[in-house]
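If you read the protein sequences in the order shown, they are chains A and B.
No gaps in the numbering here: position 48 of the first sequence is 48 in the numbering used here, and each next residue is one more.
No gaps in the numbering here: position 126 of the second sequence is 126 in the numbering used here, and each next residue is one more.
Worth flagging that the hints you see were computed from the coordinates, not collected in a lab.
Keep in mind that this is a model prediction, so the values were computed, not measured.
Careful, some of the hints might be misleading.
Unchecked claim - Quick partial rundown of chain A residues pointing at chain B, CB under 10 angstroms, derived from the structure:
1) S28
2) S30
3) W33
4) V56
5) P57
6) A115
Ideal Cβ positions, reconstructed from N, Cα and C, are used throughout, including at glycine.
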Amino acid sequence: MTEELRAYGGGVVTEPSRRTVIVSSMASDSHTWNLVYLELLVGELGFDVVNLGACVPDELLESECLSRRPAMLVLSSVNGHGHQDGLRVIQRLRAFPELRTMPVVIGGKLGVGGALTAEETAQLLLAGFDAVFDDQQGAASFRRFAATLSAGATQVEA
Amino acid sequence: MSFEEFVARRHAAGELVVQPRMGFADPAVMRAGLAATKGAAAATVGTVTLDSYTRVCDTASVAHALRNGIALNGYPIVNHPPEVTRGMLDGLEGPDFPVQVRHGSARPADIFRAMIAAGLHATEGGPVSYCLPYSRTPLDESVRNWAHCCDLLLDAEHPAGRPHLETFGGCMMGQLCPPSELVALSVLEALFFYRKGVRSISVSYAQQTNMTQDQEAVSALRRLCAELLPEATWHVVIYAYMGLFPRTSDGARGLLGTAAELAVTTGSERLIVKTTAEAHRIPTVAENVAALEHAGAVARSVTERVVVDADNQVYREAYALVDAVLNSHADLGRAIVVAFKRGLLDVPYCLHPDNAGQARSYLDPAGRLGWSELGSLPLHRVVESRHADRITSSTLMSALSHVQNAYDAEALEQPMRAIGGES
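Based on the provided sequences and hints, a complete structural model is requested.
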């Protein structure tokens, strides 16, 4: 879709009814059940989902975001390296002017010692994440966040 | 004494060998973890679990973490020099306490070299099980890597005895993979090692959702290994449930106890434990020791072996899968790649590009795992495909948390019953 819009750019285009969300792990994380679940959940929220799968290198994440310009990037991590990996990844993504305003959220089990401290969460937000979802929060707060995006014809469940 | 001899002797003495998954970045902490494992009141072997960066060959991130005191989720065996690892093991690892390296890498050559340089001879994994669910490495590259690593292991001198390889194929995806495919993959990886010349092997099987079905699976695994690995010494290693674990301590202990029961009733020789912290975070050493001792105690309390019909449904399906792969190509590595390409092997919910992704599993009301979509799996004459409802995020979540909820509910109900008494 984005490829075509770019190729034939300049004219007036109609906003497609479903926008794309990228669901992804980060480079060191091999877990995928979280991604399978998120793919279904985000799809039910009215988006098309591109699921990049396990162990996504920073460069692939960047190129996918640059070429697809998603409505949101959802990073999920459960191996305990999420805090360190997330800080690196968000700084790299925000370094691209085109990706400065892309909504990016992170969630899962982000530290090796259980839930993140308030300070660690603040670091992630300060580095450029729009939201941080701790493992304990469940899907409700993520659904509410996703509902705030202009997702075209999105109908969010209560 | 080698890894295989230690396990064989303990089994002959009527003991289940129990093993943690444990890995810490700091050699002193890793050593303390091994010492505590060795000292636990159970028949234990030690584990050095590597960190996630080492698994994907990202030694730069390991170096960054080590320099800056950032926590790693395991022991970075490639970054630590061999003499550091030898020192970490010195006086602990030996005939009475073998140590296995656990990693999860589809590109494990540097890990094998580091392990061999440190004097260790036992590890685990496999060309499929450490590629499809855990990496982006193409399957044919993983097959080549693992063939090369078998050579590395066999070419090295191992004063302690024959090198030992364990398949991880019986644990694919951790949960919701039908047992027959777990058995087939474990057998195929064992045969892959065997054809490369490895003669000391263990075959894994991860506890799933139904005890009877799990017992059938282990019986099928034994039958296929007996047929296909005639000149190897092999044993069965059970993994305590690898999916979402109970959140209550009693629920977690209950599920671990069931895994120990599965191991003993099926004559399995070794058990990889899980702890009460599993649902929450990486466990402490003390939590690991408690899990080892609990599993050992449950194992000692179980004496009966179960009698399973050798020609059960899991066996018939696993046989059909293995047979189809072996008929795909004379070279087993090629055969595995071809089988995945054609969908003769297809792991439900696995996102790897080399997995067909057409097959789907479901949990039936009795808690048995079955197939809802067969895709191109060669099982059309073996199983009746059931039409399950379309999967949604919430039905997937209930399948994923079925075991967690069952054991937590049981744990939470017990005190109520005690208070209420007979009514």
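Going through the hints against the structure:
A distance limit of 10 angstroms between C-beta atoms decides the matter here; for S28/A the minimum to chain B is near 4 angstroms, and the interface restraint holds. Checking S30/A against chain B by beta carbon gives a least distance of about 4 angstroms; that is within 10 angstroms, so the hint holds. With a cut of 10 angstroms, the hint placing W33/A at the interface with chain B holds, because the nearest CB-to-CB distance is about 6 angstroms. The interface hint given for V56/A holds, since its Cβ lies 7 angstroms from the closest Cβ of chain B, which is under the 10 angstroms cut-off.
Because the smallest distance between the Cβ of P57/A and any Cβ of chain B comes to about 8 angstroms, under 10 angstroms, the interface hint for this residue holds. Restraint check, A115/A versus chain B: the minimum CB separation of about 8 angstroms is within 10 angstroms; hint holds.
Hint violations for this structure: none, all hints satisfied.
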